[in-house]
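> Each chain, written out:
Number of protein chains: 2
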Amino acid sequence: MQLTTILKMSYKASTPKGTRDFGPIEMARRDYIFNTIRDSFKLYGYSPIETPAMENLSTLLGKYGEEGDRLLFKVLNSGEPFSKIAPEELEDSNALSLRVCEKGLRYDLTVPLARFVVQHRNNITFPFKRYQIQPVWRADRPQKGRYREFYQCDIDVIGSDSLLNELEMVQIAQEIFKKLGVAITIKINNRKVLVALSQYIGHPDKLIAITTAIDKIEKVGFNNAKSELVAAGISEEGVEMLRPILSLSGSNTQKIAFLKEILSSSTVGLEGVSELEELFNLIESAGVGESVEIDLSLARGLNYYTGAIFEVKAAQVEIGSICGGGRYDNLTGIFGLPGLSGVGISFGADRIYDVLLATNTFPPATNLSTQILFANMGGEGVQATLPLLSKLRSMDITVELFPNNDRLRKQFDYASKRAIPYIAFVGSREIEDGEISLKNLKTGSEIKLPIEELDSIKEKIELLNL
Amino acid sequence: MQLTTILKMSYKASTPKGTRDFGPIEMARRDYIFNTIRDSFKLYGYSPIETPAMENLSTLLGKYGEEGDRLLFKVLNSGEPFSKIAPEELEDSNALSLRVCEKGLRYDLTVPLARFVVQHRNNITFPFKRYQIQPVWRADRPQKGRYREFYQCDIDVIGSDSLLNELEMVQIAQEIFKKLGVAITIKINNRKVLVALSQYIGHPDKLIAITTAIDKIEKVGFNNAKSELVAAGISEEGVEMLRPILSLSGSNTQKIAFLKEILSSSTVGLEGVSELEELFNLIESAGVGESVEIDLSLARGLNYYTGAIFEVKAAQVEIGSICGGGRYDNLTGIFGLPGLSGVGISFGADRIYDVLLATNTFPPATNLSTQILFANMGGEGVQATLPLLSKLRSMDITVELFPNNDRLRKQFDYASKRAIPYIAFVGSREIEDGEISLKNLKTGSEIKLPIEELDSIKEKIELLNL
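So the protein sequences, as listed, match chains A and B.
Using this note's numbering, read the first sequence as starting at 4 and increasing by one per residue.
Using this note's numbering, read the second sequence as starting at 4 and increasing by one per residue.
What the hints contain is simulated information worked out from the structure, not anything from laboratory work.
Hints may contain errors.
A pair holds if it fits inside one copy or across any two, identical chains being indistinguishable in the list.
Pairs of lysine-lysine residues, derived as DSBU-like cross-links and limited to a Cα-Cα distance of at most 35 Å, are as follows [to be verified]:
1) 45 - 445
2) 413 - 45
3) 420 - 461
4) 182 - 461
5) 182 - 394
6) 229 - 219
7) 182 - 420
8) 182 - 222
9) 181 - 394
10) 87 - 147
11) 45 - 451
12) 45 - 147
13) 182 - 45
14) 445 - 394
15) 451 - 181
16) 87 - 20
17) 147 - 413
18) 45 - 420
19) 263 - 420
All of these numbers come straight from a predicted model, not from anything done at the bench.
Work out the full structure, taking the sequences as your base and the hints as a guide.
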């Protein structure tokens, strides 16, 4: 049996798990989101770049923690990938995967950016402000608001340690969500404070376990996170010391004062607190402090953050974070170019889409589709229509000729389903009279337009519209 | 040793073979191409869709011929892909690949479209006119003009067998390349004619071998293609019968007349010739016949074509085809929805980019970047600048504040390398006087602008420009 025959028998048309198609309506809505985001990025002076979907696994591995490594989609080497594999290698799936896969799909846009900066450093002006809007892939278990392919819209500033950059991230997030009509809370924390907290509870060596567990508290609750921390070798007393800190309430000023006190003996801790304090002063000066708050339970799982971390939550929809980021001091260092601090945030277009849909916030769709459908009246009608189409398109009017000489009812049906407002007829009578018949499909009204007056069709059609 | 340490030691920042990064300048040029193409697609009434980068391999396999199957990038299953593999399976790399990979990266946009149409048939209005602009991936040997990741810009009409659709493909190609300023030749052939030719030379069973070989003639010459055909079991006499046909010169009318004669006994052949004749009549009626020619040596390798096939060549640059397509009668049938004929063409954005670069045809870059850089004068200067930035951005002026309080020389250098035309100063003197100093970096001229006159900055800056 032929391969295609076998496939045909069992085939069910579907996209892979966790991935989706986008039809014309979804595309218009997504473009609205992308354009809003892109316009703000440009207004603040960010320049676009794009990187390939595939990166070498040596670029990706070890940057996102153990779980991140597991969630990478790996791409099988071409040729004969298994020709040199010994049978005993089958026992270790992980190691064998790396033997037969050199490439993987990008997991975010930050690590590819770091690779880009190192590779093109001689052609880049620093501080480098770039934006990037591309899909990323994660082999995560799909669920509401979580897809295996989703778009990130990132800005980053590489090569400047100034907290003015952190301020700019807050400003841009405020501005974009205001334009989109999404009520938000921006949560801010600092990795240095988390480092100090791990010292404070007596486990400076367990930072990764602690941030990973803190990161999950909102989903699984403090007690489940606690079990995880105890299992990771942290004393129960230590974990309990975190409880009041992570659930601290009060104003940002109060939180900063509290941290200064409990972390008074930690150099790195005080550094983190002072960064938080300076950032909140800048936020105040710029007048964008509304709904920005310090959240000490914000950890963000990614290994590479070293300073400020951000997360934006939609106020009215439960969907996890719709935007997040932070500062990373050593990311380009891993790739051989130390001394470049970076900071960035990423807007999750797919979750923002879901939020706008849930809150019914998309603007009403403008009719971007065809304005006039020319009915197909067969032979000489088609002949007479072809030059009219070219003329109208040269006037930037979107027109179509129905391709088949089908019953008119079918052609009307097509126009109506496509929401095409006008249908035009060029039949033998119209050819004789040198005219086009134009019918408004909503009102049913009709006019005749002499072909020599085609230039004025826009005015005539507007008349018909009233 | 830690994994990251190992990676660091041997790491060289690079993209995978055959893939590229795009910086800000390349992005502006690519946007110019995409926007030109997209505008034409819309003007003819096509609606956008997007499909996931990964498709199930059952969707992709067997659609592009044996070579196409080999060029698919396969994505390794998540979890423990090798846990159930027996040692003897290592002997067959191909079979094992399919055991451990269920997904692959899309190879073109046509097969995903067919899958899309079948999956969403109940929500689609036919004839379905869609455009799609997304990257595709092929594990081909990289060379000039051939990348492993490249963008296709496709239009297709699904559910209409009218040759008016083929005409539209020709019109759109003419229009887009005219707008882009690229001189082209459009070559047209018909698969039915190729089927008839394989009968004519006595080898109706060897159609795939014949089209594959014909497809290579331009690259490898007739004699090398001939060896391949003879190796495939076609008699030398048979191959020699093709030689005068494939190199046929003369007008399109002459070629059609010649074909009618030699294929007079073949039903399918005469059908193909009559389709060619009707299409060229339509092309003439629409007045787009310039540089459109019948090329009997045009075969196009893809298995799924059944009628017209197209290819567009740049007249002034040797780079292979920059646009191609054809009609496929059975593609959705393979996925379980027979009876929908489709036709489409695909514009290769990356090769078009190379052509525009080689012919120096890109329009001069408009300055889309930052208009004014505010120098960072430290503490109170920054404080005073922050509200000005917000004000200017609300006027849609792209402004930046240099993030670090570095030496002015460094800040000037940044502005100059980024081609930012103006630099603004808000230092202690300006704060006292309630002014901004504005310097034109090209002319060196300076003005003072009172802060209360910020609204008129556009006029003031234009004055400065003169």
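> If a hint holds in the structure, say so; if it doesn't, say that too.
Each hint, compared with the structure:
1. For the identical chains of this complex, residue 45 and residue 445 are inter-copy neighbours only, at 23 Å across copies versus 40 Å inside a copy, given an alpha-carbon limit of 35 Å.
2. Proximity of residue 413 and residue 45 under a CA criterion of 35 Å is satisfied inter-copy only: 23 Å between copies versus 46 Å inside one chain copy.
3. When the C-alpha separation of residue 420 and residue 461 is checked against a cutoff of 35 Å, the pair qualifies only within one copy, where the shortest distance is 23 Å, while the shortest distance between copies is 46 Å.
4. With identical chains, the CA atoms of residue 182 and residue 461 are at most 35 Å apart both within one copy (32 Å) and between copies (24 Å).
5. Taking CA atoms no more than 35 Å apart as the test, residue 182 paired with residue 394 passes between copies only; the shortest distance there is 16 Å, against 38 Å inside one copy.
6. For a Cα distance limit of 35 Å, the shortest separation of residue 229 from residue 219 inside one copy, 10 Å, qualifies, whereas the shortest one across copies, 66 Å, does not.
7. In this homomeric assembly, residue 182 and residue 420 come within 35 Å of each other (Cα to Cα) both inside a single copy, at 32 Å, and across copies, at 32 Å.
8. Taking CA atoms no more than 35 Å apart as the test, residue 182 paired with residue 222 passes inside one copy only; the shortest distance there is 29 Å, against 54 Å between copies.
9. Taking the shortest Cα distances, residue 181 and residue 394 sit within 35 Å of each other only across copies (16 Å), while inside one copy they are farther apart (42 Å).
10. In this assembly of identical chains, the alpha carbons of residue 87 and residue 147 lie at most 35 Å apart only when taken from different copies (31 Å versus 42 Å within one copy).
11. Proximity of residue 45 to residue 451 under the C-alpha cut-off of 35 Å is restricted to the inter-copy arrangement: shortest distance 26 Å between copies versus 47 Å within a copy.
12. For a Cα distance limit of 35 Å, the shortest separation of residue 45 from residue 147 qualifies both inside one copy, at 31 Å, and across copies, at 33 Å.
13. In this homomeric assembly, residue 182 and residue 45 come within 35 Å of each other (Cα to Cα) both inside a single copy, at 15 Å, and across copies, at 27 Å.
14. For the homomeric pair residue 445 and residue 394, the shortest alpha-carbon distance inside one copy (25 Å) is at most 35 Å, but the shortest distance between copies (45 Å) is not.
15. When the C-alpha separation of residue 451 and residue 181 is checked against a cutoff of 35 Å, the pair qualifies only between copies, where the shortest distance is 33 Å, while the shortest distance within a copy is 47 Å.
16. Proximity of residue 87 and residue 20 under a CA criterion of 35 Å is satisfied in both settings, with 32 Å inside one chain copy and 22 Å between copies.
17. In the homo-oligomer, the alpha carbons of residue 147 and residue 413 never lie at most 35 Å apart, since the shortest distance is 39 Å inside one protomer and 48 Å across protomers.
18. When the C-alpha separation of residue 45 and residue 420 is checked against a cutoff of 35 Å, the pair qualifies only between copies, where the shortest distance is 17 Å, while the shortest distance within a copy is 37 Å.
19. Taking the shortest Cα distances, residue 263 and residue 420 never come within 35 Å of each other, neither inside one copy (64 Å) nor across copies (42 Å).
When the structure is compared with the earlier hints, violations turn up for hints 17 and 19 and for no others.
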